[in-house]
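Chemist: Given the coordinates of chain D, assemble chain F onto it according to the supplied hints.
Quick note, the sequences are listed as chains D and F, same order. So for the first sequence, this note's numbering puts the first residue at 1; every next one is plus one. So for the second sequence, this note's numbering puts the first residue at 115; every next one is plus one.
What the hints contain is simulated information worked out from the structure, not anything from laboratory work. Among the hints, a few may not be true.
Said to hold, decoys possible - From the structure, some residues in chain F lie toward chain D, with a derived Cβ separation under 10 Å: (1) GLN152; (2) ALA206; (3) SER208; (4) ASP212; (5) ILE218.
Stated by the list, open to error - Restricting the straight-line Cα-Cα distance to at most 25 Å, the calculated cross-link-like pairs of lysine to aspartate or glutamate (DMTMM-like) are: (6) D/LYS57 to D/GLU75; (7) D/LYS57 to D/GLU82; (8) D/LYS57 to F/ASP212; (9) D/LYS57 to F/GLU172; (10) F/LYS163 to D/GLU75; (11) F/LYS163 to F/ASP122; (12) F/LYS183 to D/GLU102; (13) D/LYS57 to D/GLU102.
Note that the Cβ used here is the ideal one computed from N, Cα and C, for glycine as well.
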Amino acid sequence: KAGVTQTPRYLIKTRGQQVTLSCSPISGHRSVSWYQQTPGQGLQFLFEYFSETQRNKGNFPGRFSGRQFSNSRSEMNVSTLELGDSALYLCASQIGTTPSGEQFFGPGTRLTVL
Amino acid sequence: AQSVTQLDSQVPVFEEAPVELRCNYSSSVSVYLFWYVQYPNQGLQLLLKYLSGSTLVESINGFEAEFNKSQTSFHLRKPSVHISDTAEYFCAVSERMDSSYKLIFGSGTRLLVRP
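Chain D extracted, bound-state conformation:
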């Protein structure tokens, strides 16, 4: 069974640009969550999608957005990039939405903003 895949793996952008990251969950998983990982703030929850609906959103500005498609693939978009957006963005998928369910993480997309 293929794991969670994220594309691209590495990305370099300049301030003011926008970026779109993609995540393909494990087949059959309907929940996709996104996390931002930085050395200073650690792992922070961005948002979660289930059946094409955003169910929860973390404490991030509106420049961060996402969506989920009918095949459960998800994208996240960051507009008007800032230097502080440089981070590893991790996507995780889960079969359902139980608190005890295991989240399976992808390898991440490392975004560098210059």
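Modeler: Just chain F, lined up with the frame of chain D:
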């Protein structure tokens, strides 16, 4: 809101020595607790989890963690570490958010195993 504290940012240890990575959480209600491991340039992998029942949970590669409700702790231990255990370890708790749940992570502990 719940929080997770990992007091040790880095733990150096010699190969074959025992190790304990500490984790404390803030919630006073029923919790689901997890330990994830992150190897360099990779995503997170679930190491073990506590849902209910026995307070001692084990992973397939020799790690174990003990849930201690009175001390609100979920420390991770291994009696004898290998070089390959060098990685960053994250403790996490599941928190309810509206209609679903999210993971709240600690700041991570970097385990450095030396020969």
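Chemist: All hints, please: hold or fail.
Modeler: Tested hints:
no.: 1; hint: GLN152; verdict: holds, 8 Å
no.: 2; hint: ALA206; verdict: holds, 8 Å
no.: 3; hint: SER208; verdict: holds, 4 Å
no.: 4; hint: ASP212; verdict: holds, 6 Å
no.: 5; hint: ILE218; verdict: holds, 8 Å
no.: 6; hint: D/LYS57 to D/GLU75; verdict: holds, 14 Å
no.: 7; hint: D/LYS57 to D/GLU82; verdict: holds, 20 Å
no.: 8; hint: D/LYS57 to F/ASP212; verdict: holds, 10 Å
no.: 9; hint: D/LYS57 to F/GLU172; verdict: violated, 32 Å
no.: 10; hint: F/LYS163 to D/GLU75; verdict: violated, 28 Å
no.: 11; hint: F/LYS163 to F/ASP122; verdict: holds, 20 Å
no.: 12; hint: F/LYS183 to D/GLU102; verdict: holds, 22 Å
no.: 13; hint: D/LYS57 to D/GLU102; verdict: holds, 19 Å
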